Structure formats: C-alpha cells, structure tokens
Amino acid sequence: MADDAVAVRELTRRFGGFTAVDRLSFRVPTGSVFGFLGPNGAGKTTTIKMLTALLRPSSGEAYVAGLDVTRQAPAVWRRIGYMSQKFSLYADLTVGENVELFAGLYGVAGARLAARRAWVLAMAGLEGRERRLTGELPLGWKQRLALGCAVLHEPAILFLDEPTSGVDPVARRAFWELIAALAAQGTTVLVSTHYLEEAENCHRLILMNRGRRIAEGTPAELRAAMAEPILEVQTDDAPRAVEALQGAPGVLEAAMFGRALHVVVADAAVAAEVVPRTLAAAGRSVGAVRRVQPSLEDVFVALVRREGGALEG
Amino acid sequence: MLSATRLLAVARKEWIQLRRDPRSLILAFVLPVFLLLFFGYAITWDVKEIRLALLDADATRESRELVQAFEASGYFRVVARLDAPGELDRLLVRSRVTGALVVPRGFARDLAARRTAPVQLLLDGSDANTATIALGYAEAIVAGHSRRVLLQGRRLAMPLAAEARVWYNPTLESRNMIVPGLVAVIMSIIAAMLTALTIAREWERGTMEQLAATPVHRLEVVFGKLLPYLLIGAFDVALTVGAGLVVFGVPFRGSVLLLGGMTLLFLLGALGLGIFISAVMKSQLLATQVAMVATYLPALLLSGFLFDIAGMPPALRAFTLVVPARYYIAVTRGVILKGVGIEALWVQGLSMIIFAAVGLGLATAAFRKRIV
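Quick note, the sequences are listed as chains A and B, same order. Per the numbering used here, residue 1 is the first one in the first sequence, and the count goes up by one each step. Per the numbering used here, residue 1001 is the first one in the second sequence, and the count goes up by one each step.
Hints listed in this document are in silico derivations from the structure and should not be mistaken for laboratory results. Predicted, not measured: the structure shown is a model, and the values here were computed from it. By construction, the Cβ of each residue, glycine as well, lies at the ideal position given by its N, Cα and C atoms. Treat the hints with caution; some may be incorrect.
Result set (DSBU-like, lysine-lysine): computed pairs, CA atoms no more than 30 angstroms apart in a straight line [what the hints assert, rightly or not]:
1) 1369(B) - 1282(B)
2) 1338(B) - 86(A)
3) 1048(B) - 1338(B)
4) 86(A) - 1048(B)
Listed next, the stretches of chain A that the computed footprint assigns to chain B, with coverage defined by at least 3 CB atoms under 8 angstroms from CB atoms of chain B [unchecked claim]:
5) 52 to 66
6) 71 to 78
7) 87 to 94
8) 98 to 104
In silico negatives: residues of chain B with every beta carbon more than 12 angstroms from chain A [to be verified]:
9) 1034
10) 1137
11) 1211
12) 1354
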C-alpha cells in the first residue's frame, strides 16, 4: 500500500449539479503504466487534474507519492511531471527557451541541466533545432518536447492527459516507446487515452464512464472478463447491417468494427445461422463470418452500453 | 520557500514573450509617447489671439488707438471689420469670431469733453471659459488705456499697486501643468494595460495549467511577471518626462531620485492592479476593457488633471481619495514644476506605499494555481 505510487479513495468532484468524477477508487503500483480509458466526458481529465493538485476534490482522498493532494500540493508538484491535454508549452518561446524555463521552474541547474537538456533534445529529436519557435513545430515534435519538459526533473510519477490526440500513428507509436522507456527506468506513468489500441500498452487499465469506474484490470483480464462469444461479419453496408441486427434473436450487441461488424451473441453456433439469415433478409450482402477473440474495443463498447451509454457531446 | 531561480525563470520568459509580441511592444513603447504628444498638443487652456470683429462707428484717431491697444496685447486679433451691427450676429452664430468690439459714434468727442466714453464688448458665452478669460483681458486693456488717456504723459503715483508674480509656472503656460500631469495619467493606463493581458493570456492559451503543475509558487509567478513590466514602466516614465522636457520645454526643478522612488511605488500598485484584473477576468479581452475603464476615466477626470478637485461635489471629492493617479499627479507636478522634496509630499508618499501594498495584495490574493 505504501508502495503504491498513487492511491485514490472515493474521489469525487462536482461542478454545480454535475458530478464529473463519482466516488472513484483505485491504486497504481510504482513503476507501472496505468491507463485511463473512457469516452469524452468520462471524467479522465478531471481525475488527472485532481491528482496533479490543479483541481480541488469535492470529497474523497488521493495520495500521490504518499502525499495528500489536498494538503500537500507543493510537495506533489515537486515529484510529478504533467502534460496537459491541450498543448501547453509556450508557442512563442523557442525549443531551448522552453527547456530552460521548465528547468528553472523545476530547479534543474548546472551540469545536471546540461545533461538533461541534451537528453530531452535527443529524445524529442530536436537536436540542432533549439532556436526554432515551438509554435512552428509539427504536433508530434511538440508533444515529444512537452513530454521532455515534463520529465526534465526526473519525476517519480508522470501524468499524461491524452498525450497522443491528433498525432499521426507513426508519431504515436514513437511516443509510446518513450513511455515504455520511462517506465523501464522506474517512472510510474498515468496516461489517459481514447485510442483503444494504445491501451494495450498499459500494464493496468481503468475503464471510466460518466465519472465512474466500470472495469479495472490488465488488458488480458479485461478481455477474459468478456464471456460472450463475438462474431466478425463482413458485409457491404456496416451501419445498415447494425440496424438490421438490433433485436435479432440471440444477438446481444452489434457494432461496427472497421468496415466489418462485431456481433456479441449468446451462443456462437446458433448465431452463425441467425446472423447471415437476418442480414440477407434485410438485403445486405454477407461475407465471411468467423468467431474472434474480443478486443479491448469490444469490451469497452459492451461495458459502456451496459452502463447506459456515454454522455452526449 | 520562495526561490529566486524560479522567479527569474518566470521573469525571463515574460521578457522574451513581450519582446516577440508586437501588441505589447506598441503598448509599452509607442503608446506612451504618442499619448504624450497627442494630449500635450491637444489640451491647452491658454487663451491667445481671440478672434474679434470690430465695429468702429467713430473712426477717429482715438478709436484706432483703443483698437491698437487690444491688438498690441497679443490676446486679441481683429479678423473682421463691420459697418453695421446686423452683420455681427451672423459671424457669432457661425463661430467665425469669439466676440466683437463696438466703438460707438462720439467716442473721441466724449474723451475730449472728459466724459466717460463707453465701448461695448460682445462675447460668445457658449464657451464660458474662453469668454470669462477674454473679458478679464479686455477689462485690463481698457483700464490701462483709460489711465494713459487720463494722464496724457504726466506721471502720477497710484494709491495702490498690485504686483502679481506667478510662481513655479511664471508664464502661466498650461502646458507646463499638463505635461507632468499627463505623465501620471498615461502611466496609470499603460501600467494596468501591460499586466492586464499577462495572466489572462496564460489561462486562454492553456499554458497556465502547465505552469501550475510545476513547483513554482504563486508569488513567484506574480512577481516574476511584474519584474519586466516594472522596468518597462520606469523606462516609460523616463521617456515621457524626457519628451516633455525636450518637446514641450517643461522645466524639471526637483529631485530625479524622489520622482523615481515614488514612481516605482506607483508602478507596483498599478501593475499589481492589472495582474489582479487579469487573474479575476481570465480573458484578455475582458481584462483589457476592465483595466481601461478602471484606470483611464478616474485618472483623466477624477485625479485633478482636467478638473480641480476642490470644485467637485462632496461625493466625487471623497471618491478621488481612492484614485491613485490623484496622488501621483501631485508628485509629478510637485517634483517637476515646484521642485519640492519629500517634506511636502509625504502624504503622497504614504499613499503610494498603500497603493503599492493594495495592488500587490490584490494580485497575489486573486491569482491561484489551483481551481477550487
């Protein structure tokens, strides 16, 4: 328990009559990569802002590096690194000036500054570009620089709020390699995302919807928790096919999965007959039908639906 | 707990941002001088060369001597000569002239007969200020002329002789009074506007969140942001006072050190007020507008710059007590024009200290890293 990098109990945040985070409890073991997964409005950002002592909890408690975020905020700020959802380095400062600013704020100076500065520039691939204005960099580089500035002081715990949103897949993969490298060096990383394929990179995940925890575990545990079989169906018009399958006997859930369908069914053998027949009756073409292992997306979609859907907007 | 390294890191960042922001640069370096020149040339209470229409019905040597006395004074200039009183109305209505001098027929004859010879001065009272001043000049000119006519070269001791001397501004140039006051008005506006953007900009751009998650203390943020603007503010005061001396020929009679010390205190208060507004509004647009209204109008109207405070209704007069520009104007006028020292300005000095404390207090109280 004392070894946990983050411990959260009954954490709640209300904005007026709206409860953004509702009695959330979880633990993050030191050195792990911990993912927050959930649709927009699930309360991921609000949770991270409370854990980084930027937002006061309405009730409940949260400890970061053993420190109470409500009462020991300055000590928390010394031990954490944070990258907010919106790019928030100074666009009108150069790469080098941003690094120096955050070094100054984190008290990194002298030989350590020289070493950390070189490390950040190498990590972000910005060597020789120290004099470029940060605002002129491509988003992927900006994100890596922001990560570099957040870990200049080698924090024990790193908070990343949707760090890869809007970044192309190649840059995203590179970013996750950086996260893995930091975790390998002992940094605990808490990261929120709505890219489900990214979530596979986390050691543990918490699934959130409407401010509540709806599931928690390793990616494998979450997949295993899904008992119902899933059929992948190739068809010509996925959206109409989903409509056609709503309420069909033995069909629990139908959702688009790329250009195909993922259909959650009660019994795989029965459904293998029912599904093609229903689709054909609705005038849809039916290609290959095969049983697949549930992906995190399947788990996620099923759980969110079970909990009454995501918030609008 | 507070760290100079972090404070200087914020100050340095603010300075770099300022240098790269054309809007801030114009506000900091162009606007003060522009305002000084603009107001310096536009505002003048001096009444000179009052445009006069002349109706000389007498047309004698004596009447021409009187007209010459008016013109020789430098305060009046005859721009129209009329033949009939009817034309005067047209000129006054169109504001072609400010007044008219009417010398009636028989003026020379009355003088020769040692009777009182009436002359008429018609003035456009729609500008009461100018009319009053013109009347004063006219009465003095007529009195002087009467004396000359009466004595006709003889010498006679007057029973009473008033010798008026105007101190500190002997030529009664209103510009000498305007420029030091203007420095105070301009700095009230510029100082608050400079910092009004600084916190709101960070909230708007999202950079505040990144800053807030670092160990930087809110006092380090407030003072780090203040530092570059304090230097700029001090430079602006030097610049506007210097421009006043060079361009408008205003004399500087007092102590540079005293003015500098008082200026720093005033700037701390005004810059702090701007930060307070910025932290509360969290929007650059709103903060700018609030800073403008909160500083510009009181500094212009309630500081004693345009209107004498003693002549205001009691409620307004009481309100001027909390207008910082009121005290700073007394400082700039006192030091620049009168050359007075701290012994005459200690009330203002105390007010400056209170203003600085209140401005900084508000700024640090309003700015929080954490959202409640």
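Do the hints match the structure? See the list:
1. 1369(B) - 1282(B): Status holds; Cα separation ~13 angstroms.
2. 1338(B) - 86(A): Cα-Cα ~56 angstroms, so violated.
3. 1048(B) - 1338(B): 25 angstroms, holds
4. 86(A) - 1048(B): Violated - the C-alpha atoms of residue 1048(B) and residue 86(A) are around 63 angstroms apart, more than 30 angstroms.
5. 52 to 66: n = 5 at 8 angstroms, threshold three: holds.
6. 71 to 78: holds (count 4)
7. 87 to 94: holds (count 7)
8. 98 to 104: With 5 residues in contact (Cβ-Cβ under 8 angstroms with chain B), the coverage given for the segment 98 to 104 of chain A holds.
9. 1034: Label holds. Min Cβ-Cβ 25 angstroms, cutoff 12 angstroms.
10. 1137: 58 angstroms, holds
11. 1211: The claim breaks: residue 1211(B) does not keep its Cβ more than 12 angstroms from every Cβ of chain A (closest is about 7 angstroms).
12. 1354: Fine: 31 angstroms to the nearest Cβ keeps residue 1354(B) off the interface.
Hint violations for this structure: numbers 2, 4 and 11, all remaining hints satisfied.
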